[in-house]
Amino acid sequence: MSEEKAIKEAKPLSKDAREEKEAREARREWRRIFSYRWITRNIPFFLFLAGLAVVYIYNGHYADKTIRSINKVSKELKELHYEYKTLKSEVMYRSKQSELAKAVDTFGLKELTVPPIVLRDSIYKADSVKKR
Numbered sequence: 017m018s019e020e021k022a023i024k025e026a027k028p029l030s031k032d033a034r035e036e037k038e039a040r041e042a043r044r045e046w047r048r049i050f051s052y053r054w055i056t057r058n059i060p061f062f063l064f065l066a067g068l069a070v071v072y073i074y075n076g077h078y079a080d081k082t083i084r085s086i087n088k089v090s091k092e093l094k095e096l097h098y099e100y101k102t103l104k105s106e107v108m109y110r111s112k113q114s115e116l117a118k119a120v121d122t123f124g125l126k127e128l129t130v131p132p133i134v135l136r137d138s139i140y141k142a143d144s145v146k147k148r
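Position one of the sequence shown corresponds to residue 17 (this note's numbering), numbered consecutively onward.
Please keep in mind that the hints were generated in silico from the structure rather than gathered at the bench.
Please note: incorrect hints may appear among the correct ones.
[Said to hold, decoys possible] List of simulated lysine to aspartate or glutamate pairs, DMTMM-like, C-alpha gap at most 20 Å:
| hint | residue 1 | residue 2 |
| --- | --- | --- |
| 1 | Lys126 | Glu115 |
| 2 | Lys81 | Glu92 |
| 3 | Lys104 | Glu115 |
| 4 | Lys94 | Glu106 |
| 5 | Lys31 | Glu41 |
Using the sequences provided together with the hints, build the complete structure.
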């Protein structure tokens with residue numbers, strides 16, 4: 017029987033048989049690589065990779081949230097800027113002399129056509145004479 021085994025081993029394998037044998041050995045190699053012992057030895061590394069994945073996902077969500085917040089504040093700032101310009105132009109328009117005259121006309125106030133009269137106190141005159 018050992019002679020038959022030796023004869024079988026001595027026979028050269030055909031090309032198909034050789035490829036099949038190499039494929040089987042490659043499958044066995046993968047089985048050896050992914051054995052129970054290898055998996056248990058690398059559990060800390062797998063946990064580290066899972067932690068990195070969680071941090072990566074969190075970072076993506078945080079970035080999206082921050083971008084949304086920035087866009088919201090930017091829109092609000094733009095609206096406030098437009099409101100500021102509108103109010104500023106309205107104040108400038110209302111502070112014109114002609115517009116002020118129209119506004120105070122309802123109170124019975126009128127624009128002066130003659131220069132104002134300066135009232136001076138007699139004490140003030142005496143002080144000013146002494147200083148000169």
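These are the hints, each one checked on the structure:
| no. | hint | in the structure |
| --- | --- | --- |
| 1 | Lys126 - Glu115 | holds, 12 Å |
| 2 | Lys81 - Glu92 | holds, 17 Å |
| 3 | Lys104 - Glu115 | holds, 15 Å |
| 4 | Lys94 - Glu106 | holds, 19 Å |
| 5 | Lys31 - Glu41 | holds, 15 Å |
Of the hints listed earlier, there is not a single one the structure fails to meet.
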